[in-house]
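**Student:** Okay, here's what each chain looks like letter by letter:
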Amino acid sequence: MASISILDPTNESKPATRELIERPASIEGHTIGLLDISKPRGNVFLDRIEQKLQERGAKVLRFSKPTFTKPAPVDLRHEISTQCTLVIEALAD
Amino acid sequence: MEHNAPQLPDGLVAIVKRECATCQLVEPLLAEISHAGKSLAVYTQDDPLFPESVSHIHDADLAVSWHYDIETVPTILKIENGVEVDRTFGWSKNQWRAITGMNSLGEALPDMRPGCGSMSVDPDLVDSLRAKFSDSPVISRTVEFSSAEDEFEAIYARGWTDGLPVIPPTRERVLKMLTGTSRHPQDIVALCPPDLVELTVEKIAINAVMAGCLPEYLPWVITALEAVCNDEFNMHGVLATTMPVGPVIVCNGPGTRAIGMNTGINVFGQGNRANNTIGRAVQLTIRNVGGGRPGEVDRATHGNPGKISFCFAEDEERSPFTPLSVERGISEGKDAVTVFAGEGPRCIVDQLARSADELVNSYVMCLQAVHHPKLVLGFDAILTISPDHGRLFQQENWTREKLVEEITAKSMKAGVDLVRGAHGIAEGIPPHLESATLPKFRPGGLLVTFAGGGAGLFSSVIAGWANGSIGSNPVTRMVQP
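From first to last, the protein sequence lines stand for chains L and W.
Number 20 in this note's numbering belongs to position 20 of the first sequence; there are no gaps in the numbering.
Add 93 to the 1-based position in the second sequence for this note's numbering, that's all there is to it.
Mixed in with the good hints there might be a few duds.
Below 35 Å or equal to it, Euclidean Cα-Cα: the simulated DSBU-like pairs (lysine-lysine) are [said to hold, decoys possible]:
# : chain 1 : residue 1 : chain 2 : residue 2
1 : W       : LYS503    : L       : LYS70
2 : L       : LYS14     : W       : LYS269
3 : L       : LYS70     : W       : LYS467
4 : L       : LYS14     : L       : LYS70
5 : W       : LYS269    : W       : LYS225
6 : W       : LYS506    : L       : LYS70
7 : L       : LYS65     : W       : LYS506
8 : L       : LYS14     : W       : LYS225
I should point out that these hints are in silico values taken from the structure, not numbers from a laboratory.
Everything numeric in this text was worked out from a predicted model, so none of it was measured.
Based on the provided sequences and hints, a complete structural model is requested.
**Tutor:** So, in structure tokens, the structure goes:
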């Protein structure tokens with residue numbers, strides 16, 4: 001069998017890797033962003049999380065995406081990154 | 094002539110091959126021209142010994158023939174200051190005399206003999222010559238498989254298929270595919286979700302080869318990708334949703350017939366190359382370029398077999414209705430694609446209706462089941478009407494508008510029957526709509542199409558996904574060559 005060459009069908013890019021920040025010893029005094037992706041009843045879940053975090057001395061800011069079906073807009077991501085010192089990233093359905 | 098073409102000497106240049114009877118006929122004339130003191134360079138394509146009577150150069154790799162667009166042998170070129178100023182092909186006594194300035198040339202020969210095909214346009218050679226010589230700026234990385242590897246297995250192992258074998262996208266095949274579009278290989282068609290990378294015509298062509306497309310399908314694939322890769326259609330969400338939807342591609346216009354698309358028997362099924370490979374090429378591109386793979390960003394609970402490919406054309410010649418593309422703003426007679434986030438088709442049986450009204454009553458009852466009979470307005474649908482059903486509307490001169498109006502009117506339901514909890518079913522519309530009366534579909538949310546085999550009193554419904562700005566809107570785009 002002769003060798004064969006083909007053209008790469010992918011985008012040929014490598015994802016950028018970013019270091020995680022060190023895990024903080026305490027959340028006290030931190031500003032934590034909670035992003036509601038706008039799925040039904042996500043707010044019920046996040047209300048409870050917000051309450052729990054506040055009990056431990058964190059300041060909580062709430063954000064929400066316009067629709068769960070699309071990525072968060074750039075402005076929203078920028079807002080979260082400038083206003084929060086910690087982010088809990090999670091997705092559920 | 095392209096910029097990297099071999100330089101030809103000033104004077105006359107002849108391109109010939111032994112296999113051609115006309116070339117053999119004119120062989121003595123080449124010697125005569127040469128002996129008359131004319132500057133003559135002879136290039137031979139096949140036999141390096143031909144023509145024996147005059148000195149010649151073997152165009153072994155066909156570089157001269159390819160770069161000077163030789164379609165027929167013999168061809169005589171006239172070169173001045175390195176530039177072609179005249180050419181003649183085949184044997185024409187008058188033209189040969191004119192280009193050589195020899196007024197008694199070929200007196201004994203007939204006035205005219207057609208030439209033969211140049212080897213540089215031989216269908217078996219032309220793809221490799223294009224790959225070797227053309228300036229085409231194809232810039233994708235080359236992936237070489239070892240001689241011990243089976244290329245089909247190797248491509249599958251790299252995760253570049255939809256689970257079915259693909260055609261290996263060799264450079265030759267990709268360059269041939271690119272002849273199907275006038276667009277430059279590096280033209281950026283869209284940002285391809287989910288990774289939002291720049292999607293070039295070249296990358297589409299590679300994936301179209303893999304899908305099994307012919308070059309003439311490529312403009313349809315490009316247009317369908319333009320139509321899905323935007324905020325309106327929201328391909329990112331169509332991938333990410335747990336619902337079983339993928340891009341359903343509806344093609345319109347005379348081009349659907351030119352490329353041999355199926356609009357009849359088994360229109361949604363297997364067996365037609367254009368239908369099946371255009372949709373497949375779109376999905377392979379989303380997978381390979383955009384990075385949209387099942388289990389990663391594609392989170393579908395069940396998916397549907399149409400996510401390998403779901404593409405069909407409307408039967409505009411038999412349809413009693415205006416084409417879908419015209420309904421959606423494209424001029425009559427233009428090629429267009431409409432993309433719709435849809436699941437698999439479901440049959441609507443009514444073999445007893447003998448009037449349009451009776452049939453619409455059946456349609457409405459079946460259409461209510463789109464995703465859930467108690468969920469309204471949130472999902473669009475495609476209704477595909479068969480010729481046997483279409484006849485009832487034709488007989489009563491129903492237009493598309495009339496049909497949609499009737500379905501809308503007859504689908505009205507009281508909110509009290511639809512709200513959450515009604516009829517012992519938790520699913521339903523929010524309680525604040527209890528006193529409303531609502532149709533099944535939003536305005537513009539029912540896309541009527543006409544296709545299918547000539548026998549069968551059935552129609553088909555393709556249910557959609559979350560519609561509007563929270564989900565997806567159908568998108569229609571004109572196909573550019």
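**Student:** Among all the numbered hints in the text so far, which are the ones the structure does not match?
**Tutor:** Those not satisfied: there are none.
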